[in-house]
Every structure is written in C-alpha cells, then in structure tokens.
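Chemist: The whole structure should be built from the sequences, with the hints applied where relevant.
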Amino acid sequence: MEAGGWEILDLAAIAMVSREIDLGSGLVWHRPRGQLLHPERIDLATLEQIRKELGDVAFSAQYQQQPAPAEGSIIRTERFGTYDHALPRHQYEAIVQSWDLAVVPGNTNDYTVCTTWGLVGAKIDLLDVVRARLEMPDIERRAVQIRDKWSPNLVIIEASHTGVALNQYLRRRGLKEVRTSTPKGAKAERMAALTPMLEDGNVRLPKAASWLEAFLTECSQFPHGKFDDQVDTMSQMLHAVKRCTTEIRHCSRYKSK
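Start counting the sequence shown at 25; every next residue gets the next number (the numbering used here).
Everything labelled a hint here was simulated from the structure, so no lab data went into it.
Predicted, not measured: the structure shown is a model, and the values here were computed from it.
Since no wrong hints were added, every one of them can be taken at face value.
Using 20 Å as the maximum straight-line C-alpha spacing, the simulated SDA-like pairs for lysine to any residue come out as follows: (1) Lys208 - His185; (2) Lys147 - Glu102; (3) Lys266 - Glu201; (4) Lys147 - Lys231; (5) Lys147 - Ala232; (6) Lys173 - Trp235; (7) Lys211 - Gly249; (8) Lys266 - Gly145; (9) Lys250 - Gln90; (10) Lys211 - Leu240; (11) Lys211 - Val127; (12) Lys147 - His274; (13) Lys231 - Thr101; (14) Lys231 - Ala110; (15) Lys147 - Glu271; (16) Lys250 - Arg155.
Modeler: In structure tokens:
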C-alpha cells in the first residue's frame with residue numbers, strides 16, 4: 025500500500041478521523057471522527073463488547089482496518105482530545121517544534137518529520153505535521169520556512185548525525201531557540217513513561233487535517249508499526265514539557281510549581 029498504485033477503501037467500524045469518502049456517481053459521504061459504520065447493525069456498546077472479547081489487536085485488524093503485530097500498542101488514540109480550529113498564534117503561550125530526521129536523508133524507507141505544538145493552559149495542541157522524504161538541502165529550507173511560519177519558542181532536534189547538522193545550520197542563521205535532544209533508553213520505554221500526559225484529553229488533535237490519519241495510524245501501531253518518526257517527535261516534545269524546559273517555563277501550566 026505504501027508504494028502506491030492502489031485505491032484504498034478504508035471503512036473502519038469506528039471512524040478514527042474525519043474524512044470524505046467517494047461513493048461514486050457524484051455522491052460523497054462526509055464521515056466525522058467517531059461515527060459508527062453501521063450503528064443500526066452494530067452499536068457502540070456491541071463494538072466495545074467485541075473489543076473486550078477479541079482484544080485490542082484483533083479488534084483493530086478485523087473492525088478498524090488497522091492490522092498490527094500481536095504485541096499491541098502503547099498509545100491509546102482515544103485518549104487524545106480534539107479541537108475544531110487552532111487558536112491564533114498569539115493566543116498560544118508557547119510554540120514547540122520537534123524534529124526527527126531520517127538517518128540517511130532521501131532514503132526511500134525513512135521519513136523526516138517535524139511536528140508543531142501549541143501550549144495554552146493545560147492543553148497541548150498538535151498544530152502541524154511535516155512528514156516527507158527529503159535531501160539535506162531541502163530539510164534546511166523547510167526548517168527555516170516552518171520556523172518563520174510559527175515563530176516557535178523552542179525547536180528540539182534529535183541529536184543524530186543529520187540532526188546535529190541541522191542544528192548547526194539553524195544556529196548559523198541566528199536561531200537561538202534551537203536545542204538538540206539526546207534520548208535515553210528504548211523508544212517504547214520513553215513513550216510509556218510519558219503516556220500519563222495523554223490522560224484527560226489534554227493533548228489535542230484537530231478534528232480534520234490532511235496529515236491526521238497517518239499520525240493516528242502510527243500512534244495506534246507504536247512501537248511495532250513500520251514507522252515511528254512522528255511518535256518520536258511527540259515523545260521529544262512531551263519530555264521537554266515535563267522537564268519545564270527554560271524556553272517554555274513562562275507558561276501558565278508551571279505557575280503553581
């Protein structure tokens with residue numbers, strides 16, 4: 025499927041994202057996130073009972089069209105909150121950008137990812153996802169464009185070989201808000217330690233975005249899916265928020281601490 029060439033009809037029992045489905049003959053089904061495929065036949069209570077009987081992995085494969093290995097997932101996507109429209113930039117107390125670069129830029133298997141997050145009160149909104157296979161000069165140009173668009177308080181870049189190179193490039197351009205991050209421990213362990221921050225819907229996703237489905241799919245399959253770059257950027261951001269990193273220490277979420 026990843027290679028393309030196929031028309032995919034993905035009809036999950038419970039819609040993971042809002043989407044428009046072409047029914048043919050000029051008909052379009054506007055299906056919002058959370059809508060059941062056929063509630064008259066199988067209602068939500070029945071689906072939840074089936075989930076309990078089958079387990080998350082089998083239910084995801086058979087009813088949600090999202091097969092994943094038997095080890096299961098760390099991130100429960102239903103924990104994410106949602107928002108209709110992002111706030112204007114000035115209403116966010118801080119903007120954080122988090123980068124995970126492909127080990128070999130341009131590699132056909134690896135993506136370079138930047139996620140942009142807005143902090144306001146206890147909420148953390150995912151505002152944008154850039155996910156592409158890029159060569160280093162293109163990464164540098166895109167990084168400047170994204171930075172200029174969002175004016176982040178903090179830009180975190182994983183300290184890989186390519187990440188260090190991007191950090192140096194941005195610093196030469198006078199971007200003082202850039203920091204490198206050296207993760208410790210296994211990816212799954214790092215994310216598992218941060219999952220309490222996903223409780224109560226405080227990490228919010230837009231109800232509709234071109235990149236939303238790919239983000240949710242990767243989260244639901246982590247740590248055993250094919251890709252984990254987007255999750256890595258989220259983990260990196262959550263770690264910085266948890267640590268109360270200097271660049272975001274002015275936010276109201278820390279005032280009582």
